[in-house]
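Novice: So the chains spell out like this:
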Amino acid sequence: MQLPYYIDMIGVLVFAISGALAASDKKMYQDLFGVFFTGFISAIGGGTLRDVTLGVYPLAWVKDMNYLIFITLGVIITVLFKRVIFRLHKVIFLLDTVGIGVYTILGVQKSLQYGVNPFAAIILGMVSAVFGGVIRDTLINELPLIFQKEIYATACMAGAVVFVLLDYYDFHSDWNAIGCVLLIIIVRLIAVKYRLSLPKIDL
Amino acid sequence: MQLPYYIDMIGVLVFAISGALAASDKKMYQDLFGVFFTGFISAIGGGTLRDVTLGVYPLAWVKDMNYLIFITLGVIITVLFKRVIFRLHKVIFLLDTVGIGVYTILGVQKSLQYGVNPFAAIILGMVSAVFGGVIRDTLINELPLIFQKEIYATACMAGAVVFVLLDYYDFHSDWNAIGCVLLIIIVRLIAVKYRLSLPKIDL
Amino acid sequence: MQLPYYIDMIGVLVFAISGALAASDKKMYQDLFGVFFTGFISAIGGGTLRDVTLGVYPLAWVKDMNYLIFITLGVIITVLFKRVIFRLHKVIFLLDTVGIGVYTILGVQKSLQYGVNPFAAIILGMVSAVFGGVIRDTLINELPLIFQKEIYATACMAGAVVFVLLDYYDFHSDWNAIGCVLLIIIVRLIAVKYRLSLPKIDL
Chain A
1 MQLPYYIDMI
11 GVLVFAISGA
21 LAASDKKMYQ
31 DLFGVFFTGF
41 ISAIGGGTLR
51 DVTLGVYPLA
61 WVKDMNYLIF
71 ITLGVIITVL
81 FKRVIFRLHK
91 VIFLLDTVGI
101 GVYTILGVQK
111 SLQYGVNPFA
121 AIILGMVSAV
131 FGGVIRDTLI
141 NELPLIFQKE
151 IYATACMAGA
161 VVFVLLDYYD
171 FHSDWNAIGC
181 VLLIIIVRLI
191 AVKYRLSLPK
201 IDL
Chain B
1 MQLPYYIDMI
11 GVLVFAISGA
21 LAASDKKMYQ
31 DLFGVFFTGF
41 ISAIGGGTLR
51 DVTLGVYPLA
61 WVKDMNYLIF
71 ITLGVIITVL
81 FKRVIFRLHK
91 VIFLLDTVGI
101 GVYTILGVQK
111 SLQYGVNPFA
121 AIILGMVSAV
131 FGGVIRDTLI
141 NELPLIFQKE
151 IYATACMAGA
161 VVFVLLDYYD
171 FHSDWNAIGC
181 VLLIIIVRLI
191 AVKYRLSLPK
201 IDL
Chain C
1 MQLPYYIDMI
11 GVLVFAISGA
21 LAASDKKMYQ
31 DLFGVFFTGF
41 ISAIGGGTLR
51 DVTLGVYPLA
61 WVKDMNYLIF
71 ITLGVIITVL
81 FKRVIFRLHK
91 VIFLLDTVGI
101 GVYTILGVQK
111 SLQYGVNPFA
121 AIILGMVSAV
131 FGGVIRDTLI
141 NELPLIFQKE
151 IYATACMAGA
161 VVFVLLDYYD
171 FHSDWNAIGC
181 VLLIIIVRLI
191 AVKYRLSLPK
201 IDL
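Chains as they are written, first to last, in my numbering: chain A, 1 to 203; chain B, 1 to 203; chain C, 1 to 203.
The set of hints was computed from the structure by calculation and includes no laboratory data.
One or more hints might be untrue.
Claimed, not checked - Result set (DMTMM-like, lysine to aspartate or glutamate): computed pairs, CA atoms no more than 20 Å apart in a straight line:
#, chain 1, residue 1, chain 2, residue 2
1, A, Lys63, B, Asp64
2, A, Lys110, C, Asp64
3, C, Lys110, B, Asp167
4, A, Lys63, A, Asp8
5, B, Lys110, A, Asp167
6, C, Lys63, A, Asp64
7, A, Lys110, A, Asp8
8, C, Lys82, C, Asp96
9, B, Lys63, C, Asp167
Stated by the list, open to error - From the structure, some residues in chain C lie toward chain B, with a derived Cβ separation under 10 Å:
#, residue
10, Val52
11, Thr53
12, Gly55
13, His89
14, Phe93
15, Gly115
16, Pro118
17, Ala120
18, Ile122
19, Tyr152
20, Ala153
Beta carbons are placed, not taken as given, at the ideal position from N, Cα and C, and that holds for glycine.
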């Protein structure tokens, strides 16, 4: 799957908006810098950690200014149209779900392409999708969302595992990528709708 | 601007002292290891994140032992002369302000030199100056200072933006660098004196 | 000292178990994902930060799938046999102590091999041994253990310093490595037995 460039930019925009919105829960972050910073980290955190782990330079947002332009756009949209965005929270949620689906599979593909073992490729796919949120939540001193909320990272893992398995059996077609992105989206939507969560372990 | 080596070392020393002093607010950190660790992170955190983001190896403090010697010196000074240093808190504040000014512009210059886009160069300049403090505050479980206090990161941003703009229009002279360092220092001094802060955003 | 491969794998297993056990203190982490994640970070965090700092790619766990297999094994063992493991907490403690000893000296050796200055080699040796735990504790919003508990990082430092000094005076034999690993183990055992800690600094 060669991700069309504009889908990548939409992903960056959506993650920046969701990051900037997250800042609104913390009084401390409610100045322009705090809002930009959380939007920025949310948008580039996952891909950056993946590429630093792989040792792949230069990083995308360092080379290509459009990433930062779309992040800025997302932050400005959030600040100007917060009420509208809150009313559109279902749209944001949907876009965010599409975003983690696309970023997971792209992360797995890029990792495999750099000769990474399949297990590590699954982890790096998940990292691409969720790490921005983890760093953001850690910085604002909250237990990261991925440990509290519904099956979030697990949806990414499911898609990544299926993709790697099919890829291993030479099922290289774009349909594998598209199908696994859809799998992630569907698992998360079902989990949220029926409030599913992983079984607690009585340690 | 070719930063004279001794200014770099003074910057490391000052950041190490301010890190070691920060450890004094937390009982848990008041042993020699905790004080050294916070001083160390404060001094090298920003430059390390910048260089890892750029993929520039080897890192300065890994290659050149003087960084670690000056950090150790800063920690020892803090432990031995804490009373004097507390009385000198205005001097420390001034040195810290000079430090973030110098590190911001140096970070921008180094980034541009590695072919980074101007927007990313601004961010990496800010990272050079403030990230040591962010990591330190996160580790000791406090909301990072840059989100609470006066226009701290914003002063760095102002200087970085002006530098990049003038540099873009071929204004390469050292006066650009020196002027922008001074701009950062002045913005921060004014912000602290008049307790300015960025406008809150009512999200 | 060429570390036999199986010792490295045992180290990974032990660190993964101790990480997974740590998750049991936090209700939020008690699903399968949370337990795996903390085990994973605890096992690979230190070596990853060391290698990213050195700029040495590819990272071990990214190249060699056995790391992730042994981490998964550690997590499964923890989940299935938690009661047994709790009863064996002295064995785990001993293995963990051996682990930080081995990882410290290996980290120092690897760093020196890449031309790092001796002071930085000591720090990177300590990082190899303790950073996994620091990141884990920061993520679950606790003050990192190394700042609270007995002489933990300090034991690593003692071994690293002695190793670097002897190595500097051309004492390259494996006995240096083995002796320094034992030194770390002994310092920590004595510190825990007699509840030693570093002197508090009245800042």
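Novice: Run through the hints listed earlier and report the numbers of any the structure violates, in increasing order.
Specialist: Of the numbered hints given earlier, those the structure breaks are 1, 3, 5, 6, 13, 14, listed in rising order.
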